[in-house]
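Using numbering that gives the first Met the number 0, you'd call the opening residue of the sequence shown number 0 and step up by one each time.
None of these hints come from the bench; they were simulated from the model.
Glycine included, C-beta positions come from ideal geometry on N, C-alpha and C.
Some clues are possibly wrong.
As the list claims (entries may be wrong) - Across the chosen pairs, the derived CB separations fall in these ranges:
1. Leu-231 with Phe-136: 15 to 23 Å
2. Lys-123 with Glu-152: 17 to 25 Å
3. Val-217 with Gly-30: 18 to 26 Å
4. Leu-64 with Gly-30: 33 to 41 Å
5. Ala-78 with Glu-152: 22 to 30 Å
6. Leu-64 with Glu-209: 19 to 27 Å
7. Lys-124 with Ala-78: 31 to 39 Å
8. Arg-160 with Arg-125: 17 to 25 Å
9. Lys-124 with Gly-30: 44 to 52 Å
10. Gly-228 with Glu-42: 42 to 50 Å
Said to hold, decoys possible - Pairs of lysine-lysine residues, derived as BS3-like cross-links and limited to a Cα-Cα distance of at most 27 Å, are as follows:
11. Lys-218 with Lys-139
12. Lys-84 with Lys-208
13. Lys-38 with Lys-1
14. Lys-168 with Lys-208
15. Lys-168 with Lys-63
16. Lys-63 with Lys-28
17. Lys-1 with Lys-28
18. Lys-139 with Lys-84
19. Lys-63 with Lys-124
20. Lys-229 with Lys-218
21. Lys-28 with Lys-218
22. Lys-208 with Lys-1
23. Lys-124 with Lys-28
24. Lys-218 with Lys-208
25. Lys-63 with Lys-123
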Amino acid sequence: MKLLHLYHDIMNLYGEYANVLALREMILKSGEECETERKSFGEAVDFNEYDFVYVGSGTERNQKLVLEDFRRLADGFQAYVAGGKAALWTGNSFEILGSRLTDCDGRDYRGIGMFSFTTVEQNKKRSTADAIFEADFLDKPLVGFVNKCSEIEGIGEPMFRVRMGLGNKTGDEGEGIRENNLFCTHLTGPVLMKNPGLLVYVTRLVTGKEVAPNPLMVKGYEITSRELGKLLENGQ
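All chains should be modelled from the sequences, with the hints used to inform the complete structure.
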C-alpha cells in the first residue's frame with residue numbers, strides 16, 4: 000500500500016504528520032506492506048499510485064502558496080476522490096478546495112472548486128476550542144482541538160455534528176465536509192492519533208480489513224473523552 004503526505008514540509012502545524020504515522024502502523028498491523036511518499040511544490044503526482052492522501056494544516060501564507068501550486072494537481076485529485084479512494088485534509092488545508100477564499104485584508108482567491116463553499120479569514124483573529132464532534136459513520140464521538148481564523152459559508156451537509164467546540168462558522172452546529180472518502184475537518188490533535196474509531200474506519204477503507212488500534216491509543220482517547228465530557232456537562 001502507498002500513502003502520500005502532500006506538502007509535508009509547509010503544511011504540518013500541530014504535529015499532524017502523526018496522522019500518516021498512525022495509519023501506516025495500522026496498515027502494517029493488517030499484514031500489508033506500506034510505503035509513505037512525501038511530495039511538495041512543483042513535484043509530479045500521479046494519484047493513481049496511492050491508497051491514501053494526506054494534507055495537513057499550515058499558516059495562512061503557506062495555505063495561499065499551496066492553493067496556487069495545487070491547481071495543476073486538482074483534476075487528478077478530483078478523479079482520485081470520485082474513484083472512492085481515501086484522503087484526509089485537516090486544519091485550513093481543505094479551505095482551498097472551496098470556490099473562494101478571502102484573506103483578512105479583503106483579497107479574494109479563486110478556490111479549486113471541488114466544493115461550493117466560501118471561506119473568509121477573520122482579521123487575524125484566531126478562534127480556539129477543545130472539541131467533541133459526532134459523526135453518523137462512527138459509534139463514538141471524536142475529540143480534539145480546533146485553532147482557526149476563518150468562517151466557512153455554504154456547507155449544507157457538514158461531516159460532523161458539534162457537541163462542543165467550533166463549527167464551520169460561528170454558531171454553526173456542523174463542522175467539516177465529506178465527499179465519498181475524502182474527509183475534511185479543522186479538528187486537529189492529530190485527529191487519527193486521538194480518535195481510534197476514525198483510525199479504524201479509515202484503515203478499513205484503505206485495506207478492506209478490520210484492525211484493532213493500539214490499546215494505549217484507546218486509553219488516551221477514553222481519558223480525553225471523559226475529561227472533555229466533564230467540561231461539557233459543566234457548560235465550559
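Restraint status (C-alpha distance of Lys-229 to Lys-218 at most 27 Å):
holds (17 Å)
Does the beta carbon distance between Leu-231 and Phe-136 stay inside 15 to 23 Å, or does it fall outside?
For Leu-231 and Phe-136 the Cβ distance comes to about 22 Å; the hint holds.
So if I understand the rule, the pair passes when the alpha-carbon distance is 27 Å or less; does Lys-63 with Lys-28 pass?
It is violated: about 37 Å lies between the C-alpha atoms, which goes past 27 Å.
Quick check on a hinted range of 31 to 39 Å for Lys-124 and Ala-78, using CB atoms only.
Since Lys-124 and Ala-78 have Cβ atoms about 37 Å apart, the given range 31 to 39 Å holds.
Measure nothing beyond the straight line between the CA atoms of Lys-28 and Lys-218; if it is 27 Å or shorter, mark the hint as holding.
With a Cα-Cα distance of about 19 Å, the restraint between Lys-28 and Lys-218 holds, given a limit of 27 Å.
Hint check: Lys-63 vs Lys-123, CA-CA at most 27 Å. Holds or violated?
The given pair, whose Cα atoms are some 15 Å apart, holds under the 27 Å limit.
Could one say that the CB atoms of Val-217 and Gly-30 fall in the range 18 to 26 Å?
Because 21 Å falls inside the window, the suggested range holds.
Check the hint pairing Lys-218 with Lys-139 against an upper bound of 27 Å on the C-alpha distance.
holds (14 Å)
Take a look at whether the Cβ-Cβ distance between Lys-124 and Gly-30 falls inside 44 to 52 Å.
holds (48 Å)
Given the range 22 to 30 Å, decide if the beta-carbon distance of Ala-78 to Glu-152 lies inside it.
For Ala-78 and Glu-152 the Cβ distance comes to about 27 Å; the hint holds.
Given the hint of 17 to 25 Å, check if Lys-123 and Glu-152 actually sit that far apart at their C-beta atoms.
Since the Cβ atoms of Lys-123 and Glu-152 sit about 19 Å apart, the hinted range of 17 to 25 Å holds.
When you take the CB atoms of Leu-64 and Gly-30, is the distance between them in 33 to 41 Å?
holds (39 Å)
Hint violations for this structure: numbers 6, 14, 16, 23, all remaining hints satisfied.
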